[in-house]
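Participant: Top to bottom, those sequences are chains A and B.
Anchor point for the first sequence: position 186 equals 185 in numbering that gives the first Met the number 0, and the numbering is continuous, going up by one each time.
Anchor point for the second sequence: position 365 equals 364 in numbering that gives the first Met the number 0, and the numbering is continuous, going up by one each time.
To be clear, the hints were calculated from the coordinates, so they are not data collected in a lab.
Just to be clear, a hint being listed does not mean it is correct.
[Stated by the list, open to error] Under the rule of at most 27 Å between Cα atoms (straight-line distance), these lysine-lysine pairs were calculated in the BS3-like manner:
| no. | chain 1 | residue 1 | chain 2 | residue 2 |
| --- | --- | --- | --- | --- |
| 1 | B | K103 | A | K139 |
| 2 | B | K78 | A | K107 |
| 3 | A | K322 | B | K698 |
| 4 | B | K107 | A | K81 |
| 5 | B | K107 | A | K211 |
| 6 | A | K181 | B | K547 |
| 7 | B | K632 | B | K657 |
| 8 | A | K698 | B | K547 |
| 9 | B | K137 | B | K103 |
| 10 | B | K103 | A | K181 |
| 11 | B | K318 | B | K296 |
| 12 | B | K107 | A | K137 |
| 13 | A | K318 | B | K181 |
[What the hints assert, rightly or not] A few chain A positions that, by computed beta-carbon distances, are all more than 12 Å from chain B:
| no. | residue |
| --- | --- |
| 14 | E301 |
| 15 | P375 |
| 16 | V412 |
[Unchecked claim] These stretches of chain B come out as covered by chain A in the derived footprint (C-beta under 8 Å, 3 or more residues):
| no. | region |
| --- | --- |
| 17 | 66 to 72 |
| 18 | 395 to 401 |
| 19 | 633 to 642 |
Ideal placement from N, C-alpha and C gives every residue a C-beta, glycine not left out.
Protein chains: 2
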Amino acid sequence: MEQLRFDDRVAVVTGAGGGLGKEYALLLASRGAKVVVNDLGGGRDGSGKSTFADAVVQEIKSKGGVAVADYNSVVEGEKIIKTAIDNFGRIDILINNAGILRDKSFTKMSDQDWDLIQAVHVKGAFKTTHAAWEIFRKQKYGRVIMTSSNAGLYGNFGQANYSAAKMGLVGLASTLAIEGAKYGIKVNTIVPTAASRLTEDILPPDMFQAMKPQLIAPVVAYMVHESFPENGIIIDSTLGYATKLHLVRSNGASLRKKPADIVTIESVKEAWPEVVNMNNAYHLDKITDVTVDLVQKIQDFEERSKLDSEKEAYWSTYKYDSKDLLTYALGVGASVVNPSDLKFLYESHENFEALPTYFILPGMVMESPIVGKSMPPGKHADFTNILHGEQYIEFLSDFPGTDGQFTIRNYVVDILDKGSSAVAIVNSEVFQDKTLVFRTQQHIFVLGQGGFGGPRNSSKSNNVLPAPKRAPDAVVEQRTSEDQAALYRLSGDLNPLHIDPSVATVAGHPKPILHGLASLGFSVRHVLVKYGGNNSSNVKAVKARFAKPVLPGQTLVTEMWVEGSRVHFQTKTKETGNIVISGAYVDLKSVAKNETAASSEPNQPASSSSAMKSDGLFAKIDEQVKANPSQAKSIGAVFLYNITNNGKTVKQWTLDLKSGVVHEGAPKSGKADTTMTVSDEDLIGIASGTLNPQTAYLKGKLKISGNIMFAQKLGPLLKSGSKL
Amino acid sequence: MEQLRFDDRVAVVTGAGGGLGKEYALLLASRGAKVVVNDLGGGRDGSGKSTFADAVVQEIKSKGGVAVADYNSVVEGEKIIKTAIDNFGRIDILINNAGILRDKSFTKMSDQDWDLIQAVHVKGAFKTTHAAWEIFRKQKYGRVIMTSSNAGLYGNFGQANYSAAKMGLVGLASTLAIEGAKYGIKVNTIVPTAASRLTEDILPPDMFQAMKPQLIAPVVAYMVHESFPENGIIIDSTLGYATKLHLVRSNGASLRKKPADIVTIESVKEAWPEVVNMNNAYHLDKITDVTVDLVQKIQDFEERSKLDSEKEAYWSTYKYDSKDLLTYALGVGASVVNPSDLKFLYESHENFEALPTYFILPGMVMESPIVGKSMPPGKHADFTNILHGEQYIEFLSDFPGTDGQFTIRNYVVDILDKGSSAVAIVNSEVFQDKTLVFRTQQHIFVLGQGGFGGPRNSSKSNNVLPAPKRAPDAVVEQRTSEDQAALYRLSGDLNPLHIDPSVATVAGHPKPILHGLASLGFSVRHVLVKYGGNNSSNVKAVKARFAKPVLPGQTLVTEMWVEGSRVHFQTKTKETGNIVISGAYVDLKSVAKNETAASSEPNQPASSSSAMKSDGLFAKIDEQVKANPSQAKSIGAVFLYNITNNGKTVKQWTLDLKSGVVHEGAPKSGKADTTMTVSDEDLIGIASGTLNPQTAYLKGKLKISGNIMFAQKLGPLLKSGSKL
């Protein structure tokens, strides 16, 4: 790497008579900076006078550097800045390093102990920085370092005064970073850990000995270099190690159940475990983000409260990715033996998509407490007495992508009284980015809990429909594997009934049974191939009743009847003739009478593409290609990037290295030699070096089709300059 | 919930003439506290005098409460505390709420603007708290609130003075929390967002209107209640919402390659992306933890540097859980058809364990850059020209558990010159908690990159061994599934060669081929059942060469020869007679000649069990059982908890609710009715309410064997008091 220089820069370092400050001064001077070596006194407590600064200046000069000594106190910071102007005509860098200690337990801390520490650290940094600020603004350039301490960030016994001062500087730096940004002024905080009593007690002796200022100075020097990219950050450094710190916030909690409720001390206490749960804590960058974030949460809370005004709902989230889809597809019998199934089994297939029944999973609430809570008095439901009776799913918006996250509202619509048993009807409304994407409904049998005088039917139930009386219009047979249940379990339902022979015996089965939803997945796949053009997004709704259990290894026979755009179906096991799925149907957008799988369109981006983080990268690549046209053309291939969000392509970029052109959209003529599909976020990760492209490829995050050799060639060109 | 009261408590609230402070005073008084209502002036800028405090006192009294007004300035905080003592004889609660603003852009900020804000906010809080501190210490009780602001936490334009002051209070609170802890003094920080110009600009009007102090006061009241559990935390609250904040640190980076290197500005710049990578940021609780954490990192760095002094190594981490083991077991042909395989397919099986070949995966480096970097000049390797040639694994410590995390050192041992091709020998050393648990070695063929005059052999190579000439001692056949490769891919190797017909065609195969490691998994399973007692921990080492590709659907024939404790094997495909795995062997601890699967011992805890977080929970359960013996005995069952770490049982607890006894270890007589296996961490999650037990059960995090109905009964008893 080229040496990072400070030629023609003027730096002020306070407290530079020894220790860290001296090291900063020496290092900057050795790299060409003219340095004001400020130092007041020698003692650690700030007492006495010294000529230490002169010695440092002498050392700099002896090495051919330029420096001047300054003995003003930082509380008269304007005098120190004046020394820079008077001697060198300008100032570019200010390192606020001067500091003293007055450690006392809080009980014994006097006003003087307090005031002195505040004056030197906080007021001092204010004064020097304030004096330099107008100059920085006018010249549109400045670098400021505040010096904080882990004693401030974490607190430390006997340092109440020092903790307050050191944390105060972090606050000052935050605001100055904001105010200086548009003037090219960057203000950052260093947290240097020096050899001290504290560290001496904890560190191994050789490590304590090694705690040298020389190991920290290069960090601070980089932080005041013109190439330093950050502003307003906190860096802890010692012993040749550096770490960034920032604040994160918990997801937090609403302190009341509904917006109309008042907040009480008791409701706060009740919400507290969620308030302080840092499991999904996240960082916000600026104060306006805090407000925006809050507005979002309050609005969510209000919207949910409105939705939940009639029925108490249980909200959950669900995240999935392409690997989940592959696991599910294998679990419901998709096989590479059928070429039409490959699109469900291969994440880089050009028509890769989820099976429609996969999306039943986000609404599964067998594990949630809502059914139990909704039972009539004297009746109970828990996972030992419930059975999945019926299932419905209805797609209400665009078919979901191949990865993404949902927010789900689950609630009990009705509890039916079927005599000996009860039936809980549970609705799940599944949202993505505030849009209701699909909804599911489960009928959950609660064994032995009927007879409470409730209704037998509900107007809110999506009911099964009888199959037509005629012979089926089509029949598809497929044998399940002996390991089908073991495999389907990987999609999340680990109920031992499906794997543990002794549990199955207790439940009255000859062996562990197949999941009802697995059989349903098989049958809907059969319908999809037969009448749906093998296109998942052709499915509008699916309904089914689980009539009898299936044993792994049995052959499923799906019988179908077409009525308009509805395909009625029922499923039998060939070995027994039992109907295992009854009253079922798939509603299609259009029936494809052709039995061969219709070729669906490859993933196309939305017409109006929104701004993506990767836009800037492609702009840089464009620059790079323009700067090195011959290098680019030597690759001689056309690359297409599909940028995805929630598993859908939302933007395309073409790198036409035959013509040396980079543009948004698909290639203007011909086809790309190599197509790369990657999420905006992962592409940024690759470009910034936090995600290795080979790892991304082998983990399925970066999908490459076409000529993979070209992709290899692309790397070096793009990495050389633009970091992509 | 019972009302949270403040009877006999005396509270001082500064700045209580209006706004938030007034609300705090009213709320505390309404719950029985005697309140000192301190207020200086009326104007937002601190100007003028007022009788606001009197009005608040009047309001409190009119509602039957007890309060007194105080008009001292917080900078004379001792006078305010004296008011409490003079009037009520004590002080228990101090809410530092008084504050003013002097917003100015930094350029225009005068010394007076700066000093006034520091005096009122920081010095004021110091003075009041200092005056109360000795009293708190003597009575061994105190509750202090510091008031910070998002302007301090994030910075805000025009508030340099205020940001510094507000962040300073966070630092002060941190140290006071530490100093006060042993005296029953708790010091916490509230970040209240009030209706202001800032929020007015961003918030929807109705939300701005709703930003009432009444919504924040109950939070602060809870934070000063005697039942409040936290100390030294930051809570942001507004609009009936509350959020906790804390600092997190990046993993950071060493700023040099080796301990002997010097740190330069350039080496800092090179390490910077890793320094500021917050992806795996984590929180530390106190300043000593920072040092301990650093020592750990530096020692790791030094140890790694020593290990890496000869060979440049690539360090990685690998995390796995029981679901990964199930996925892998299915991928290598374990089947519920074979009862002996169930222990690899069912996470709650009493002998659940990993297949030994699973642990080859953490060492896989096909995606890493190390082979490419180690090639001789003029030769290159990337994932388009490499093939997995041979594999070795050797277990060096206890067989790994069913979930855990490894740290792996990968390095190239040698590059062999095999004429037309090169062979890279890559070692992986796999550590868990600093112990070398096992190591693997890969021979990676680099096609067409030989002929550089290198060695043909290496002393560091673990070589294949020829099979004895005699007929095999045993043969096991198993057909692979047509979907075997599609299934094995779920274990992480997504190379399209194993799924994409067109990629397979280009590579010269009739269809996508099975992963070599999948075939190896089959054969080692065969050896394990035949000669290893079906016990993974009986395996010491495995070596194999991948001689030819296998097509999914072909039948693998594993031929075995026993020589002492070594089982030589080779694998053929039945359909072609080709040897696909050659020169292979499994070294066993002891050969079990018995073909039937030996029953291995269930997971036993280590003899000396270390302190676990859940110990405290069982102590609480013990109290609970002793307090309600009849309720406990009404359950009348014996429960055994296996507490796991890294997937191994490390401690057991018995809840004998027949005798009403809780003790460490297994039941003293008889067998448990219900056994629950759960990690220490997950058990804490369940107890603290962050992990739903039904969810834990259905996700396989909580494993229950025996009578599951009893487990259901246990819930209410334990939840009622001890929160377990």
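Participant: Take the hints in turn and mark each one as holding or not.
Facilitator: Evaluation of the provided hints:
With a C-alpha separation of about 20 Å, the suggested pairing of B/K103 with A/K139 holds against the 27 Å cut-off. For the proposed pair B/K78 and A/K107, the alpha carbon gap of about 18 Å is at most 27 Å, so the pair holds. Of the supplied pair hints, the one linking A/K322 and B/K698 holds, its CA atoms being roughly 17 Å apart against a limit of 27 Å. Distance restraint check for B/K107 and A/K81: the Cα-Cα separation of roughly 19 Å lies within the 27 Å cut-off, and the hinted pair is therefore satisfied.
Our distance criterion of 27 Å between C-alpha atoms is broken by B/K107 and A/K211, whose separation comes to about 39 Å. For the hint pairing A/K181 with B/K547, the CA-to-CA distance comes to about 64 Å; that exceeds 27 Å, so the pair is violated. The suggested pairing of B/K632 with B/K657 holds, with an alpha-carbon distance near 5 Å, which does not exceed 27 Å. Pair hint A/K698 plus B/K547 holds up; C-alpha atoms about 25 Å apart against a cutoff of 27 Å.
For the proposed pair B/K137 and B/K103, the alpha carbon gap of about 43 Å is over 27 Å, so the pair is violated. Simply put, B/K103 and A/K181 have alpha-carbon atoms about 17 Å apart, close enough for the 27 Å limit, and the pair holds. The suggested pairing of B/K318 with B/K296 holds, with an alpha-carbon distance near 19 Å, which does not exceed 27 Å. With a C-alpha separation of about 14 Å, the suggested pairing of B/K107 with A/K137 holds against the 27 Å cut-off.
Note on A/K318 and B/K181: the hinted pairing is violated, with a Cα-Cα distance of about 44 Å set against a maximum of 27 Å. Look at A/E301: its CB is around 9 Å from the nearest CB on chain B, not clear of 12 Å, so calling it non-interface is violated. With a closest Cβ-Cβ approach of about 19 Å to chain B, A/P375 is found to remain outside the 12 Å limit, as its non-interface label requires. Annotated as non-interface, A/V412 keeps its C-beta farther than 12 Å from every C-beta of chain B; the closest such distance is 21 Å.
Counting residues of the region 66 to 72 of chain B whose beta carbon lies closer than 8 Å to any beta carbon of chain A gives 0, which falls below the threshold of three, so the coverage claim is violated. Evaluation of the coverage hint for the region 395 to 401 of chain B: breached, as 0 residues show C-beta separations to chain A shorter than 8 Å, against a requirement of three. With 0 residues having a beta carbon nearer than 8 Å to a beta carbon of chain A, the region 633 to 642 of chain B misses the requirement of three or more and the stated coverage is violated.
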